[in-house]
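Asker: Sequence:
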Amino acid sequence: MSLVLRFAAGSHKGLIREGNEDSGYAGPRLLAVADGMGGAAAGEVASSEALSSIVSLDEADLRADLLTLLSDAVHGANERLRVMVEQDPQLEGMGCTLTALLWTGERMGLAHVGDSRAYLLRDGSLTQITQDHTWVQRLVDEGRITAEEAETHPQRSLLMRALDGRGQVEPDLSIREVRAGDRYLICSDGLSGPVSHQTLEETLGSFYAPEQTIQELIQLALRGGGPDNITCIVADVIEVGATDTLSGQFASLPMVVGAVAEGPHGTATDHAIIDTPAGRAAGLGRQQPPAPQGAFGPADGYQGGYEPGYEQGYDAGYDQGQGGFGPAEGYGAEYSQDGYGAAPQGPEGYAPPAPAGEYDAAGYRAEDYPPAEAAPRKGRWFKRSAILVVALGLVGGAVYGGWQWTQGQYYVAVDNGHVAVYRGISQNLAGLSLSSVYQEYPNVELKYLPVYQQNQLKNTIDADSLDAATKRVQAFDAQATVCKKISEGAKPGGTGGTPAAATTAAFLAAPKVGASPAAGTTPSPTAPTPAPSVPAQATGTPSPPVTAPSSPPALTPEEQTLAADCATA
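What the sequence shown shows, in my numbering, is residues 9 to 577, in sequence order.
No wet-lab data here; the hints were simulated from the structure. Think of the CB as a built atom: it goes at the ideal place given N, C-alpha and C, for glycine as much as any other residue. Be a bit skeptical, because a hint or two may be false.
[To be verified] DEER-style ranges, computed between Cβ atoms:
1. Ala-394 - Gln-447: 53 to 59 Å
2. Gln-412 - Ala-217: 41 to 47 Å
3. Ser-79 - Gly-132: 29 to 35 Å
4. Gly-132 - Ile-183: 21 to 27 Å
5. Lys-455 - Gly-132: 49 to 55 Å
6. Pro-450 - Ala-72: 31 to 37 Å
7. Gln-415 - Arg-115: 50 to 56 Å
8. Gly-175 - Leu-400: 33 to 39 Å
9. Leu-437 - Gly-151: 27 to 33 Å
[As the list claims (entries may be wrong)] Cross-link-like lysine-lysine pairs, in silico, BS3-like; alpha carbons within 25 Å at most:
10. Lys-493 - Lys-479
11. Lys-479 - Lys-492
12. Lys-455 - Lys-466
13. Lys-455 - Lys-493
14. Lys-466 - Lys-492
15. Lys-455 - Lys-492
16. Lys-455 - Lys-479
17. Lys-466 - Lys-21
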């Protein structure tokens, strides 16, 4: 008996995003998901390049150390992004998460960077086997917020670790023992965000085939609003024998989904990944012969993608051989290339009637079916005008309703080098912006924020409400204030050790060495004070106060926590 993987993968751009920046790869040994970030800075390029860098693991010699293979692959992907940004500065700011499982037949190696997730369903219980590299997860680990609060925290998407080519990245690496019956899920946050842990557990335990499970998971994310790209991979560990007839039915051809499969950006799919299993799999999906004009066929992206028998129940009742559009039998020769008959036209666009007793061009006897009288033109124009008015009213109402909806949306982004809250959505329609600055925060300067927060702001940060947007700005304000203090010389530590500045009051209150006693006052005979060698003041007026050199203010414990991120600013 041996263990094999039965897997399926799927991806959807969601209901909000304009394009798909996720990439997914599922093969007999390697399962991986990368969630691109960077928006205009090409997040889809980053995710595609990251997968094309590690996809060779699907054919690697697995006698080598699993963790070494994964670590080298992750560092190679990060270096590849660095080289790309160096060659094309317009890609500055792009990056991606990466979660990958490498299968040896007995064990699973896991590599993880970012906030994509891997889950294990075993004995009906679902466990998250990765830890999010996000700001809110750090707050949870420090006990500052609960896991339930983290699910709705306005900064839950702020990444603390990602592949971006800016420096060394250390992935979380681990090895897991595998059992027959295990089901693994790898997904981007477009699934784990809107779909609860309990719903994921119920869904993964309710569907047998990975293909059906993938479709249901994507539908759940879309019903949850589809706020982000959705990519997921489901893989089952199946025990089969050498003569088991079912073993040959499990897919062995790799599957690629998302940006790496679409490949419009001209990167991984077009050159680097073409000689890999993923490239060959993607090529098979793109090299389908064109269907005859007007013929029925499967939807784009599903050609050959179903298992035998999977499509049963969908094609029943359709004649696959006679599915094309065209003229009915017996009329093909009488139709021109435009699809209209070549019969001569009479007045008002009607064909002249055939002589009595003969058959006209349509095959009917003239006396049996006399020509119908033309409808009055006035009636036709009135009907068309009414339809046009109703259509314009519907379109206008839809546009107004859409505009009203955008006025209740808010996001945080950059405006002239500082943070601002925008009202609307960060999109353009027919050249018109659908958002405007709602409130500026000139004191929260972008240059004082850590690089990862700058990238988040450049890519815009969606907020559920104006209050959520304001709270997010307050968090940025706190971070910028600390980083600004750091840049001005402040250092973490307590308040001790800093000499207090001398004041005039303190100077007057202090005893004056060598000063003459005031008029009418008798000096105490018990404690004579020897006169110093320095000359006394000619008058009783004290010298100006001496101010000690000021030192930068020390940071509070709360500010010291934020100061750790200023190193990346």
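Asker: All hints, please: hold or fail.
Answerer: Evaluated hints:
no., hint, verdict
1, Ala-394 - Gln-447: 53 to 59 Å, "46 Å, violated"
2, Gln-412 - Ala-217: 41 to 47 Å, "43 Å, holds"
3, Ser-79 - Gly-132: 29 to 35 Å, "33 Å, holds"
4, Gly-132 - Ile-183: 21 to 27 Å, "24 Å, holds"
5, Lys-455 - Gly-132: 49 to 55 Å, "51 Å, holds"
6, Pro-450 - Ala-72: 31 to 37 Å, "55 Å, violated"
7, Gln-415 - Arg-115: 50 to 56 Å, "54 Å, holds"
8, Gly-175 - Leu-400: 33 to 39 Å, "56 Å, violated"
9, Leu-437 - Gly-151: 27 to 33 Å, "45 Å, violated"
10, Lys-493 - Lys-479, "21 Å, holds"
11, Lys-479 - Lys-492, "20 Å, holds"
12, Lys-455 - Lys-466, "12 Å, holds"
13, Lys-455 - Lys-493, "13 Å, holds"
14, Lys-466 - Lys-492, "20 Å, holds"
15, Lys-455 - Lys-492, "9 Å, holds"
16, Lys-455 - Lys-479, "20 Å, holds"
17, Lys-466 - Lys-21, "20 Å, holds"
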